[in-house]
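K.L.:
Sequence:
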Amino acid sequence: MNPYIMSIFLLALGLGTTITFMSSHWLMAWMGLEINTLAIIPLMAQHHHPRSVEASTKYFLTQATAAAMILFASSTNAWITGQWSITELSHPVPSTIMMLGLALKIGMAPLHTWLPEVLQGLDLTTGLIMSTWQKLAPFCLLMQINLNNPLLITMAIMSTMVGGWGGLNQTQLRKILAYSSIAHIGWMVLVLQFSPSLTLFTLVIYIFMTFSIFNLFKLNKSTSINTLATSWSKSPTITALAPLILLSLGGLPPLTGFGPKWMILSELTKQELNTIATITALSALLSLYFYLRLSYAMTLTLSPNTTPMTSQWRFNTKQLTIHLSVSTIMSLMLFPLMPSLMTIIN
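Residue 346 is where the sequence shown ends in UniProt numbering, and the numbering goes up by one at each step.
These are calculated hints, taken from the structure and not from any lab test. For every residue, glycine included, the Cβ atom is placed at its ideal position computed from N, Cα and C. There could be a bad hint or two in this list.
To be verified - In silico SDA-like cross-links for lysine to any residue, where the CA-CA straight-line distance does not exceed 25 angstroms:
#, residue 1, residue 2
1, K234, L292
2, K218, I322
3, K221, V326
4, K58, F9
5, K270, L341
6, K261, Q271
7, K221, K234
What the hints assert, rightly or not - Simulated DEER-style distance windows between Cβ atoms:
#, residue 1, residue 2, range
8, H91, T299, 52 to 62 angstroms
9, L27, T299, 50 to 60 angstroms
10, H47, V93, 37 to 47 angstroms
11, T275, M143, 22 to 32 angstroms
Could you put together the complete structure from these sequences and hints?
P.N.:
Listed below in structure tokens is the structure:
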């Protein structure tokens, strides 16, 4: 794609999210979401491959459905209450429809089935944008509206379970990362109505970890578990760090990813939701299994070699790695700073 055209689409992507961030009127927020969707579709279809065209079509249909639900819910709420303000969503019918529309936007279970299929058809860079940046605007709206709805808790628990269960039998890395995204969304939404600042903090940490792992797979040109076995001979340093990033995504102490999950479980127990906290903690073990599976394939498995050479030739990569270095440090070493960070957020 032409760099100028690419920059226009990226600017439109940022503009759509910014409009949604700044808006207090439902029509402006809806307009920002639509600009966001229309800007990323050409980026998804830029390779002219049947897989990417199929992914773009599926994404367009699901996002158009979600946008129609959001517009219908906001107009119904305006008809009932006479208010277009985002914070004035009080009637149970439009608030439930709005919640389902935003859940479809971000891929919460049971409205998650489009996410693994779409992410599988994209390249890793566009998949990274869809897994991180595209979550910001719907989460901004979810945090602004007052949803004391038991359906939201139910969908969050389902997301953590489906995200762990669905990734167990996958061999494609992008599908595994899609189910990881679904599970993390469940964790964030679970604590949303009790501590919105903790949800925001978890989202930021998730973006750092996802940014690291997508860039790492892109650097290794890995798209399936089988191709991970060759990464040791290509880039030993990155291969040594990759399991730590994966285990941080799984929430293993003392890595960064453990902090938000620990705080979420603590908040749930403070709210006397011990059963939900137990189910969520057990669902994290399912996710941890497939992260360990990836770590095993990457570090403890050697690819079959027919040549007598002990290792492949390693050439210096031309890709910039400074952003990967920064995000990797953030993904691994922020746990000691968690109390200070939460004090700043609160």
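K.L.:
Each hint needs a verdict: does it hold in this structure or not?
P.N.:
We went through each hint and held it up to the structure:
Under the criterion of a C-alpha separation no larger than 25 angstroms, the hint pairing K234 with L292 is consistent with the structure, at around 21 angstroms. For the suggested pair K218 and I322, the alpha carbons sit about 14 angstroms apart, so the restraint of at most 25 angstroms is met. With a C-alpha separation of about 20 angstroms, the suggested pairing of K221 with V326 holds against the 25 angstroms cut-off. Only pairs whose Cα atoms come within 25 angstroms are accepted, and K58 paired with F9 is accepted, the gap being roughly 20 angstroms.
A threshold of 25 angstroms between alpha carbons decides the hint, and for K270 with L341 the separation of about 20 angstroms falls inside it, so the pair holds. Note on K261 and Q271: the hinted pairing holds, with a Cα-Cα distance of about 15 angstroms set against a maximum of 25 angstroms. Using a Cα cut-off of 25 angstroms, the hinted pair K221 and K234 holds, with the two alpha carbons roughly 10 angstroms apart. Restraint check, H91 to T299: a C-beta distance of roughly 54 angstroms satisfies the suggested window 52 to 62 angstroms.
L27 and T299 have their C-beta atoms about 51 angstroms apart, which keeps the hinted 50 to 60 angstroms range intact. At about 42 angstroms, the beta-carbon gap between H47 and V93 stays in the expected band of 37 to 47 angstroms. At roughly 25 angstroms, the beta carbons of T275 and M143 sit within the given window of 22 to 32 angstroms.
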